[in-house]
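Asks: For reference, the chains in residue letters:
Number of protein chains: 2
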Amino acid sequence: MGDSHYTPTFERLPEEKKKRLLTVAKKAFAETGFAATSINFIAASAGISIGSLYKYFRSKEDLFLTIIEQGRDLLEEVLGGIVNAPEALPAKIERLLQAAVSYSEKDPDFVSIYIDCTTQGLAALAARLSKSIESIAAEAYRKVIMEAQGRGEIDPAMDPGLAAFCLDNLLLMLQYSFGCRYYRERLALFAGPGASADPALVITTTAAFISRALGYRAAATSARDT
Amino acid sequence: MGDSHYTPTFERLPEEKKKRLLTVAKKAFAETGFAATSINFIAASAGISIGSLYKYFRSKEDLFLTIIEQGRDLLEEVLGGIVNAPEALPAKIERLLQAAVSYSEKDPDFVSIYIDCTTQGLAALAARLSKSIESIAAEAYRKVIMEAQGRGEIDPAMDPGLAAFCLDNLLLMLQYSFGCRYYRERLALFAGPGASADPALVITTTAAFISRALGYRAAATSARDT
Numbered sequence: 000m001g002d003s004h005y006t007p008t009f010e011r012l013p014e015e016k017k018k019r020l021l022t023v024a025k026k027a028f029a030e031t032g033f034a035a036t037s038i039n040f041i042a043a044s045a046g047i048s049i050g051s052l053y054k055y056f057r058s059k060e061d062l063f064l065t066i067i068e069q070g071r072d073l074l075e076e077v078l079g080g081i082v083n084a085p086e087a088l089p090a091k092i093e094r095l096l097q098a099a100v101s102y103s104e105k106d107p108d109f110v111s112i113y114i115d116c117t118t119q120g121l122a123a124l125a126a127r128l129s130k131s132i133e134s135i136a137a138e139a140y141r142k143v144i145m146e147a148q149g150r151g152e153i154d155p156a157m158d159p160g161l162a163a164f165c166l167d168n169l170l171l172m173l174q175y176s177f178g179c180r181y182y183r184e185r186l187a188l189f190a191g192p193g194a195s196a197d198p199a200l201v202i203t204t205t206a207a208f209i210s211r212a213l214g215y216r217a218a219a220t221s222a223r224d225t
Numbered sequence: 000m001g002d003s004h005y006t007p008t009f010e011r012l013p014e015e016k017k018k019r020l021l022t023v024a025k026k027a028f029a030e031t032g033f034a035a036t037s038i039n040f041i042a043a044s045a046g047i048s049i050g051s052l053y054k055y056f057r058s059k060e061d062l063f064l065t066i067i068e069q070g071r072d073l074l075e076e077v078l079g080g081i082v083n084a085p086e087a088l089p090a091k092i093e094r095l096l097q098a099a100v101s102y103s104e105k106d107p108d109f110v111s112i113y114i115d116c117t118t119q120g121l122a123a124l125a126a127r128l129s130k131s132i133e134s135i136a137a138e139a140y141r142k143v144i145m146e147a148q149g150r151g152e153i154d155p156a157m158d159p160g161l162a163a164f165c166l167d168n169l170l171l172m173l174q175y176s177f178g179c180r181y182y183r184e185r186l187a188l189f190a191g192p193g194a195s196a197d198p199a200l201v202i203t204t205t206a207a208f209i210s211r212a213l214g215y216r217a218a219a220t221s222a223r224d225t
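Chains A and B are the protein sequences, given in the same order.
Anchor point for the first sequence: position 33 equals 32 in numbering that gives the first Met the number 0, and the numbering is continuous, going up by one each time.
Anchor point for the second sequence: position 144 equals 143 in numbering that gives the first Met the number 0, and the numbering is continuous, going up by one each time.
No lab work stands behind these hints: they were computed from the structure.
Values in this document were obtained by computation on a predicted structure and should not be read as measured data.
The reader is advised that the hints may include incorrect statements.
One copy or any two copies: either way a pair holds, since identical chains are not told apart in the list.
[Claimed, not checked] Calculated lysine-lysine pairs in the DSBU-like style (CA-CA distance at most 30 Å, straight line):
#1 Lys130 with Lys105
#2 Lys18 with Lys54
#3 Lys105 with Lys59
Take the sequences, apply the hints, and build the full model.
Replies: Here's what the structure looks like:
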C-alpha cells in the first residue's frame, strides 16, 4: 500500500508481534483518546522499549493512522461481502445493520477511536482520516442505492449520494449505540432500557425505517394500501 | 434549578460577566476537549484569577456541566417552539432539521462539546450528561411521533421511542455535518462538495427521507402511485 504509515522494520516483524502491538495501542487510544495517550505508555504496555517503537513508527500519529488503516481494511472487507451479494435491498440493509452492530459489540475500541477522530482536537487530521475511512462506505452505499434504483426497487428520483448519506447516518448511530457508553445510555432514554438490550429489535426497526424511506415499502405495498 | 453546578457567588455576578466567562470557557472546551483544557487557561483567557474562578465553580467539571446545562436550556427552548406548533408532521420535521443546522452553523462550539461528551474519556460523566441532554430531545420527539400517529398521519404500528430514536439520529448527524469539520468532509465525500455548501438541499432531502420512513408519504401518495 502506498499510504502505509509504518516502517519496513515493522513490516518484517512476526504477525503475532505486529498484532499484539497494534491491539495494545488500539486499546490505549480508545480509552484515553489520541491527544492524551503517550507513546511511552504504549511502549511500556506492549513490553518494548520506546526506541524500538520509534523503529516501527516514526510518530504517534503514524501509529494511530496504522490502526485507522486496519479498521478501514476491515470495513472494506465486511462491506464488500454484503454489498456484492445478490440480495434485494431490504435484506442487504438488514445485513449492513447487523454487521455494524456485531462489529461494534465485538470491538468497541474501534468505535471509540472513530469518535475520537471526529473531535475538534483532531481537526488537523480530519480531512485525511475522513477521506481514508468514509470513501469506502460512501462508494459502497452509493452502489447499493444505484443498483436498487436500476432494478426499480426504490425511488429513482432520490439523489444516490444523499440517500447513501442518510443510510450511513443511521448505520453509524447504531454502531455508536452498541459500541459506546454515551450513545448506549441515549438509546435507552429514547426507546427504553429494553431497546438497548435488544439489538435485533433496533436493527429490524431501523432496517424497516430505511427501506420505507427509500421508497421500497411504498412501491411494494401501495396497491394493498389503496 | 436544583441541579445547577455553579455557586451563589457566580449567580450574583452581572449577566454580562457571566456570559463572557461562559463563552470563553465554552470556546476552550470546544477547541481542546474537556480533558486537555486547564482551568488556569480558562481563568487567564477570561482575565480573572484562578481564585475567583474557584469561587464561581468548585471544579472544572462543574464549569463544564454549567455550559452543558446552558446548551440543554437552549435546546429545550428551541424544541418547545417547534414541537408545540400546530403544523403537520412534514413541516415540523423540516423545521427541526432547519433549527439543527442553523444552530450548528451559528454556534459550532456546542457541537464540538457535545461530541467530546460522547467520547470514552468522559465515560464517567456519560450517564449524567446523557440524561440531562437526551431526555429533552427524546420526550419532544416521542410527543411529535405519538401526536402524528394519533392524527392518523403516520404508521400507527411504529414504536414511538424507536421512531424518535431514528429521527434524532438523522437530526444529530446534520448537526454534526454542519458544525464540525470531520463530518463536513464526510458529507462532501458522500454527496459531493455541492451538498456541504447547500444546507437547504440536505435538509429537504433528509426531511423527505424521514417523512416517508414514518409512513407519511406512503399514505399521502399511494393513490397517485397506483
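Asks: If a hint holds in the structure, say so; if it doesn't, say that too.
Replies: Status of each hint after checking the structure:
no.	hint	in the structure
1	Lys130 with Lys105	both (25 Å within a copy, 26 Å between copies)
2	Lys18 with Lys54	within (16 Å within a copy, 50 Å between copies)
3	Lys105 with Lys59	within (25 Å within a copy, 34 Å between copies)
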